[in-house]
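Colleague: Sequences are here, hints too, so could you generate the full structure?
So for the sequence shown, this note's numbering puts the first residue at 13; every next one is plus one.
Because the hints were derived from the structure by calculation, they are not lab data.
Be aware that one or more of the hints could be misleading.
[Unchecked claim] Listed next, the in silico SDA-like pairs over lysine to any residue satisfying Cα-Cα at most 25 Å (straight line):
| # | residue 1 | residue 2 |
| --- | --- | --- |
| 1 | Lys89 | Thr55 |
| 2 | Lys89 | Arg169 |
| 3 | Lys96 | Val41 |
[Stated by the list, open to error] Okay, the calculated beta carbon distance ranges per label pair:
| # | residue 1 | residue 2 | range |
| --- | --- | --- | --- |
| 4 | Thr64 | Asp26 | 20 to 26 Å |
| 5 | Thr55 | Ser167 | 28 to 34 Å |
| 6 | Asp37 | Arg163 | 26 to 32 Å |
| 7 | Ala151 | Lys96 | 24 to 30 Å |
| 8 | Asp170 | Asp37 | 34 to 40 Å |
| 9 | Tyr60 | Phe124 | 38 to 44 Å |
| 10 | Arg169 | Arg138 | 30 to 36 Å |
| 11 | Gln39 | Tyr159 | 34 to 40 Å |
| 12 | Val41 | Asn164 | 36 to 42 Å |
| 13 | Asn59 | Lys89 | 15 to 21 Å |
| 14 | Asn164 | Asp85 | 41 to 47 Å |
| 15 | Asp79 | Gln40 | 24 to 30 Å |
| 16 | Gln40 | Asn164 | 38 to 44 Å |
All of these numbers come straight from a predicted model, not from anything done at the bench.
Glycine included, every Cβ here is placed at the ideal spot set by N, Cα and C.
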Amino acid sequence: MAFSNSFDATKVTDNLYIGSLFACDKQQVLQQLGIRYIVNATTHIQNYFPETITYHRVSIEDSEDTDIMEHFDECSKFIANAIKVNKSSVLVHCKAGMSRSATLVIAYLMKFEGYDLKTAHKHLLRCRPIISPNKYFLAQLCQHELYLLRRNSMSVRDFMSDESKLKLKLSSSSTLLEFNPNIHTDSNQETVRMQIRFSRGNTGKYNIKMNKTDTIADLRNMIESSCSGVTSSVYQLVVTHPRQILHNQKMTIEKLDNCILTVNFLM
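Modeller: What follows is the structure in structure tokens.
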């Protein structure tokens, strides 16, 4: 599994990669991987290299109101044309490489690679354990499978079961768990509220309330307490800004806007 803070992309098949915003702006690495086509499944992240890369933008939000299924056919055809006709590699990315991009990759695997939904989801989960399509996207994938195959191989409830089973089978010493905190700050208040959705283990939302003056180290301790039922312990917390990696444990919580927090958990 190719996964790092500097270039966050994971190989799915010989010519297909899935990643986050930290995969789409590394021109040298994209060239080395032979990626000449990119699916940008965001509303705001720019297409960095239009002179050398062909882009297909799927301008959607990761929300319950998004009809992602209406993009399945066009996006899947774009990927298939790049791989099968132009013999190129493709990157499908969203912001975190967890929900929108994962949903589009699964839809492609079903339409052009002969996977049913259950097999496609299991394969992608093994490649990139942090994937976590929201439940509304999962329901649309089930509808899409029914349209393609006239049957369903799994339900939305089965997705959560697959994630639990995979956790037991993983033999590596650590796993990467990424989340995007929705941070609510108020200049007139001294507290910060964060709603965090974890992508594996006890999938769900956790509400954390902290003081603005609390540090990253304090946040780490709070996450460790909140996740006591998910895994044994937290050993690293990295705060990632769009252009830099911060390991400053003394940075205060109120400065975390527009960050992605990456937590490495022991298995």
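Colleague: Let me make sure I understand: some of the numbered hints might not hold for this structure. Which ones are they, in numerical order?
Modeller: 2, 6, 9, 10, 14, 15
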